[in-house]
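Residue numbers (full-length UniProt numbering), protein chains in the order written: chain V, 1 to 498; chain Z, 1 to 498; chain L, 1 to 498.
Treat each hint with caution, since some may be false.
Pairs count within a copy or across copies, as identical chains cannot be separated in the list.
What the hints assert, rightly or not - Okay, derived cross-link-like pairs now, DSSO-like style, lysine-lysine, Cα gap no bigger than 27 Å in a straight line: (1) 369 / 239; (2) 245 / 484; (3) 389 / 132; (4) 132 / 369; (5) 369 / 76; (6) 197 / 369; (7) 484 / 389; (8) 132 / 484; (9) 197 / 132; (10) 389 / 218; (11) 218 / 132.
Derived from the structure by calculation, the hints contain no laboratory data.
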Amino acid sequence: MANKLLALSLSLCFLLFGGCLALREQPQQNECQLERLNALEPDNRVESEGGMIETWNPNNRQFRCAGVALSRATLKRNSLRRPFYSNAPQEIFIQQGNGYFGMVFPGCPETFEEPQESQQGEGRRFRDRHQKVNRFREGDIIAVPTGVVFWMYNDQETPVIAISLTDMGSSQNQLDQMPRRFYLSGNHEQEFLRYQKQQVKGREEQDNEGNNIFSGFKRDFLEDALNVNRHIVDRLQGKNEDEEKGAIVKVEGGLSIMSPPERQPRHHSGSRQEEDEERWQPRPHKSRREQEQEDDEKHGRPHHKGGSRWQDNGLEETICTARLHQNIGSSSSPDIYNPQAGRIKTITSLDLPVLNWIQLSAEHGSLHKNAMFVPHYNLNANSILYALKGRAWIQVVNCNGNTVFNGELEAGRALIVPQNFAVAAKSLSDRFTYVAFKTNDNAAIARLAGTSSTLSGMPVDVIAATFNMQRNEARQVKSNNPFKFLVPPRESERRAAA
Amino acid sequence: MANKLLALSLSLCFLLFGGCLALREQPQQNECQLERLNALEPDNRVESEGGMIETWNPNNRQFRCAGVALSRATLKRNSLRRPFYSNAPQEIFIQQGNGYFGMVFPGCPETFEEPQESQQGEGRRFRDRHQKVNRFREGDIIAVPTGVVFWMYNDQETPVIAISLTDMGSSQNQLDQMPRRFYLSGNHEQEFLRYQKQQVKGREEQDNEGNNIFSGFKRDFLEDALNVNRHIVDRLQGKNEDEEKGAIVKVEGGLSIMSPPERQPRHHSGSRQEEDEERWQPRPHKSRREQEQEDDEKHGRPHHKGGSRWQDNGLEETICTARLHQNIGSSSSPDIYNPQAGRIKTITSLDLPVLNWIQLSAEHGSLHKNAMFVPHYNLNANSILYALKGRAWIQVVNCNGNTVFNGELEAGRALIVPQNFAVAAKSLSDRFTYVAFKTNDNAAIARLAGTSSTLSGMPVDVIAATFNMQRNEARQVKSNNPFKFLVPPRESERRAAA
Amino acid sequence: MANKLLALSLSLCFLLFGGCLALREQPQQNECQLERLNALEPDNRVESEGGMIETWNPNNRQFRCAGVALSRATLKRNSLRRPFYSNAPQEIFIQQGNGYFGMVFPGCPETFEEPQESQQGEGRRFRDRHQKVNRFREGDIIAVPTGVVFWMYNDQETPVIAISLTDMGSSQNQLDQMPRRFYLSGNHEQEFLRYQKQQVKGREEQDNEGNNIFSGFKRDFLEDALNVNRHIVDRLQGKNEDEEKGAIVKVEGGLSIMSPPERQPRHHSGSRQEEDEERWQPRPHKSRREQEQEDDEKHGRPHHKGGSRWQDNGLEETICTARLHQNIGSSSSPDIYNPQAGRIKTITSLDLPVLNWIQLSAEHGSLHKNAMFVPHYNLNANSILYALKGRAWIQVVNCNGNTVFNGELEAGRALIVPQNFAVAAKSLSDRFTYVAFKTNDNAAIARLAGTSSTLSGMPVDVIAATFNMQRNEARQVKSNNPFKFLVPPRESERRAAA
């Protein structure tokens with residue numbers, strides 16, 4: 001039950017973490033005295049040979065209040081988002097597509113190793129080994145900790161669209177609030193640099209020779225450090241590379257990525273058809289624990305292991321093999337469900353423990369036409385609402401009782417709902433779908449209407465006195481709406497829609 | 001012993017919480033370079049039909065340095081402080097009076113249920129149920145977490161006076177430093193709004209239609225969400241309500257609040273006599289744990305359960321039933337006591353675990369005429385000193401050795417003593433009483449005089465060299481004063497006073 | 001293995017502390033948009049009769065970005081750094097010399113007691129007792145928590161040089177970012193006051209009468225509080241004391257400090273010879289745990305007790321007797337070692353648990369001529385690099401690929417390397433030695449070259465596509481350099497140097 005889940009999350013964090021402290025930097029004075037919110041589109045787009053990255057302006061007051069930055073990457077087929085790390089944790093939602101991603105945790109072993117008897121094709125003799133590579137699919141949430149190198153790759157026909165929230169206010173970020181991408185390669189500006197330049201306009205600008213973190217080192221330093229020749233150093237530094245190549249590069253002939261033996265061993269070629277998800281099978285020699293976990297994931301059972309299973313783990317089974325992603329999309333098993341109204345799936349650090357590290361969580365929802373998400377507020381988090389499909393009518397109210405937003409949120413736009421501001425939504429499309437990024441790993445909401453809402457928690461006499469109404473009316477306020485989160489459309493609306 | 005308590009608190013937090021990190025937002029650059037402190041009075045008063053709310057200006061530099069806001073609510077008889085929530089945790093001290101309070105925790109069950117066989121009076125058939133309602137009395141500290149709806153009610157003749165500290169610097173507040181009250185009802189400005197307006201004077205002001213969080217939603221949204229009629233929605237939105245009604249409303253005939261069966265079952269009518277505290281008895285079918293706790297509270301035994309008792313609890317016995325208040329007033333058993341000097345009672349998260357969640361603690365003290373609280377400093381917290389009764393002569397010294405305050409603190413005024421600033425007090429009244437709110441759930445002080453003080457912790461030779469004095473003098477500095485916290489008046493003063 | 005250690009530290013903190021949140025205040029907007037770093041020298045020096053204190057300007061943008069303040073104290077023979085406390089935690093590295101230090105933890109017992117049968121010399125009858133006094137030596141890291149009184153004393157011929165990092169951004173500091181020293185004695189300005197005055201130039205300045213925290217109290221307050229006469233109060237307040245005396249005072253005839261019985265009982269006189277470190281032996285009646293710990297320390301075995309050993313401790317064996325210092329100097333057993341390249345020793349909260357409290361760690365390194373520290377970045381911390389001996393050529397690169405530092409760092413200068421900025425170093429001296437203070441108690445680095453580096457963690461095909469190079473070249477990038485941290489000079493350079 002959703003109620004139980006909320007209670008569970010609050011209770012556990014109260015017990016375990018001293019009360020779910022959000023541990024975030026607060027915005028500057030007055031940044032959150034917002035009298036008008038806007039549904040925002042990206043205001044910049046950087047094209048790359050393999051796709052593009054769109055960014056929302058992090059200097060926008062709403063983003064500054066929430067302490068976050070938002071961007072959207074689109075990867076064409078056989079394209080690689082080049083490795084980079086950030087000065088703040090990221091939570092990425094896969095809006096569309098499938099592919100691979102990797103992260104490199106310093107100090108963790110390279111656990112994916114090529115077999116001794118090397119394959120013949122392409123004349124390779126070198127036995128590669130590297131850290132775990134993961135497969136992602138539409139609807140996945142991926143958690144990227146601060147400073148950890150991340151890359152992703154689209155091996156499918158369908159373009160991959162990934163929405164990334166970077167939490168600048170995180171206490172993991174010891175620099176200032178500007179989002180920074182540190183690219184390991186290439187000769188292109190990092191996507192948020194232009195906003196930084198805007199901010200410090202007056203200052204003289206330095207000419208970059210490279211733009212990636214290798215390009216700033218002197219050539220002989222790198223020759224010595226890597227023990228490679230000048231030519232290779234030039235490649236590392238992105239010398240002579242066309243700036244247009246950008247952060248997402250095309251891979252001719254596709255990448256060959258090691259994958260568990262149960263999958264048909266293959267090198268992705270450009271012509272392969274849409275991959276069958278079912279091919280992902282656990283390895284026979286996989287550990288029981290991994291087996292269980294994958295089974296669970298397939299059957300949509302949630303994991304609530306909060307550390308218990310971990311206690312008998314060795315070191316390398318902890319962070320080095322921590323689960324870094326989980327599906328919350330439409331194909332996952334919802335937490336809140338009403339066939340006439342819609343579905344909601346949340347992901348907190350109880351589902352995906354790595355979220356406790358980055359102190360973020362998320363929610364994925366889908367509403368039928370004219371169905372409502374009851375008025376509610378975020379107890380302990382800012383919420384960054386991004387519309388995936390369709391449109392909804394949203395209202396947001398601040399502490400002065402002012403309507404700070406009253407309008408449509410359509411697919412591709414983002415709306416920031418600050419902590420404690422009241423919000424309600426009504427779908428205007430057959431299926432309005434959204435993802436909400438939340439700046440707390442155990443984000444909780446308080447509902448202002450329906451069963452088990454804030455109003456139902458108060459004595460009927462208190463309600464009556466509070467709202468200056470009859471007990472009979474107070475009773476209606478407490479109990480007329482039998483729904484908790486999602487309210488189906490009225491009979492008449494449903495008939496009209498049918 | 002107080003010494004042991006301090007050591008205990010430091011040790012435990014070192015072990016359990018990685019060293020009692022205060023987890024608070026720091027003030028802006030220079031905010032704490034205070035060369036002059038003032039004993040401050042409230043600078044605004046908002047009258048309501050059932051009482052009034054006074055506020056201290058949160059833009060005052062001393063309050064900005066401490067990152068807190070202070071207010072004082074007075075509730076007349078049969079008056080209700082309407083439900084609201086805040087963007088930061090509150091610690092409330094009941095200076096005077098008794099009554100009821102409630103909080104609504106989202107996701108927690110409604111555990112107070114009316115019996116099946118409904119009582120006849122007033123024609124009620126509807127069986128009400130709601131979350132726990134608590135009784136408070138003079139001297140109570142009440143902890144209100146961020147975003148949790150809170151209301152209180154005075155059913156007695158004596159007006160209730162409640163001092164509320166809101167900790168804007170808390171990491172639970174993800175918005176900016178301005179205190180915000182989100183009212184669920186009414187048509188009055190939230191008490192801190194005027195300071196927010198002051199700050200952003202230039203900006204055009206929006207006309208509010210309601211002032212509460214329901215008033216910002218469109219009428220049909222609420223009709224759908226609550227499934228109630230237009231008339232009730234108008235009530236929720238505070239339409240047509242007189243702004244003068246305010247945040248504290250009179251309840252005609254008094255509120256009927258469910259109470260445990262041992263209490264004489266009654267509906268409070270306007271004419272009832274002063275309630276007998278003794279009537280509060282545990283229910284026979286109460287769990288053993290609750291029984292014990294209430295017994296403990298009655299006998300003034302402190303709870304140091306730091307989680308141990310909790311480990312065998314189910315979920316609903318954790319946050320949903322957490323103790324939210326505790327008495328530290330003059331009738332409670334003091335932690336530090338000297339019949340000739342006075343008494344001090346502290347409350348930390350070891351006494352009231354919910355304080356760990358809100359990261360605040362408090363101290364209540366009472367000093368006899370001419371008795372002193374030895375010079376000391378707050379190790380890990382700011383202290384907001386509020387005088388309840390009488391007056392004292394206070395001195396505060398900053399890091400430059402400057403006297404930043406040297407004057408009287410009289411009843412009703414507040415003085416902010418920033419972290420690490422040295423402070424000493426001498427009572428000028430027969431009984432100077434104060435409450436100090438501290439911005440750390442395990443606030444500790446270091447004493448600069450007396451037994452077991454900082455000076456006694458150093459070798460006598462170090463003292464002598466440090467202060468350029470003889471060993472014999474250093475010995476006096478270390479040991480002449482046999483008192484630890486409170487120093488009784490000298491013989492001569494005592495005789496004069498008698 | 002260093003790899004294992006990194007993994008261990010990350011894993012444990014992930015499990016135990018919810019992911020190593022750094023819990024620090026972020027710098028103001030734009031403070032870290034640094035396009036040019038400088039190797040900085042102290043810009044002020046305050047002479048005292050027993051030595052001097054040099055300070056780096058904390059208003060310098062690089063220090064403001066890192067949120068720290070740096071100072072260097074030099075103590076001549078028989079000189080005492082007078083007791084003081086700070087509004088932020090300090091990490092002190094002993095660059096040179098040996099001596100004693102003490103801290104006073106409020107509420108902790110005085111565990112060093114003089115024997116009943118008092119010694120005759122100097123006519124003392126008074127039986128002194130005080131908190132633990134510790135001996136420090138060259139290469140020690142000393143952790144001083146916020147608000148805890150600290151003093152140190154040099155009883156040797158060699159001057160003591162102590163580098164102190166004060167972490168203003170720590171969440172333990174609830175005041176603003178200005179470093180503050182609260183002196184218990186003397187009549188000198190605290191060493192950082194001049195920078196505070198610079199900042200608030202406009203404001204009228206108050207005349208100090210004392211400068212220490214006793215001087216701001218009125219005389220009769222202190223007479224009453226300490227029960228001492230006027231003359232002694234004058235001494236406490238530093239009245240009539242020459243300002244030139246300063247923060248470090250000469251002790252005529254040396255200090256007599258109680259020390260464990262195994263050491264030759266003696267009162268340090270001015271003429272004693274250089275002390276033999278070997279004289280420090282554990283007491284026979286010492287607990288087994290202490291014995292083990294000291295043995296470990298002698299043999300360089302690290303402690304990874306993370307609480308487990310603590311669980312059977314009483315209270316007084318926790319914070320009151322916590323280890324407060326540990327050696328990481330050249331005589332300690334290194335964590336990373338290559339006889340041709342150099343050595344590195346790190347200290348984290350796993351080595352010295354009190355570092356978890358102050359959320360700082362450190363690294364000590366020594367590089368042979370022409371040896372390199374591979375390009376790397378600090379994952380979760382700012383690093384404050386201070387050169388102890390020799391000089392090195394350092395390069396630092398920001399997120400835009402710009403070289404923000406490319407120059408020499410010579411002994412006595414400090415360089416701030418912000419979180420995630422890439423850095424590499426090459427020694428220009430026979431032995432370049434440094435200490436790096438890190439603003440995270442489990443600071444981790446990610447290496448950009450060599451075995452087990454970030455590059456080796458990625459599949460060879462991803463490297464090839466990322467850097468637009470052949471698989472064969474990618475293979476070289478991954479594996480050509482067989483070293484992990486320190487790269488020895490090339491054959492030719494070594495021969496040239498020999």
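(message) My question is about residue 132 and residue 369: at a cut-off of 27 Å on alpha-carbon distance, are they close within one copy, between copies, both, or neither?
(response) Neither way: residue 132 and residue 369 sit 42 Å apart in one copy and 38 Å across, limit 27 Å.
(message) Please sort residue 484 with residue 389 into within, between, both or neither, judging by C-alpha distance up to 27 Å.
(response) within (24 Å within a copy, 48 Å between copies)
(request) Could you figure out if residue 389 and residue 218 sit no more than 27 Å apart (CA to CA) within one copy, between two copies, both or neither? (result) between (48 Å within a copy, 24 Å between copies)
(message) If the cut is 27 Å between Cα atoms, do residue 369 and residue 76 qualify within a copy, between copies, both or neither?
(response) Neither: 32 Å inside a chain and 49 Å across chains, both beyond 27 Å.
(request) Classify it for me, residue 197 with residue 132: is the Cα-Cα distance of at most 27 Å met within a copy, between copies, both or neither? (result) neither (37 Å within a copy, 54 Å between copies)
(request) Please work out whether the CA atoms of residue 132 and residue 484 approach to 27 Å or closer within one copy, between two copies, in both situations, or in neither? (result) Answer is between; shortest inter-copy Cα gap is 20 Å, intra-copy 41 Å.
(message) Checking an output row: residue 389 and residue 132, CA cutoff 27 Å. Within, between, both or neither?
(response) neither (33 Å within a copy, 42 Å between copies)
(message) Treating 27 Å as the Cα threshold, decide for residue 197 and residue 369: within, between, both or neither.
(response) neither (43 Å within a copy, 40 Å between copies)
(request) At 27 Å max between alpha carbons, let me know whether residue 369 reaches residue 239 within a copy, between copies, both or neither. (result) neither (54 Å within a copy, 30 Å between copies)
(request) Go through the copies and call it for residue 245 and residue 484: within, between, both or neither, with a Cα cutoff of 27 Å. (result) neither (50 Å within a copy, 32 Å between copies)
(message) One pair to classify: residue 218 and residue 132, alpha carbons no more than 27 Å apart. Within, between, both, or neither?
(response) neither (32 Å within a copy, 51 Å between copies)
Consistency with the previously given hints fails for numbers 1, 2, 3, 4, 5, 6, 9 and 11, ordered from lowest to highest.
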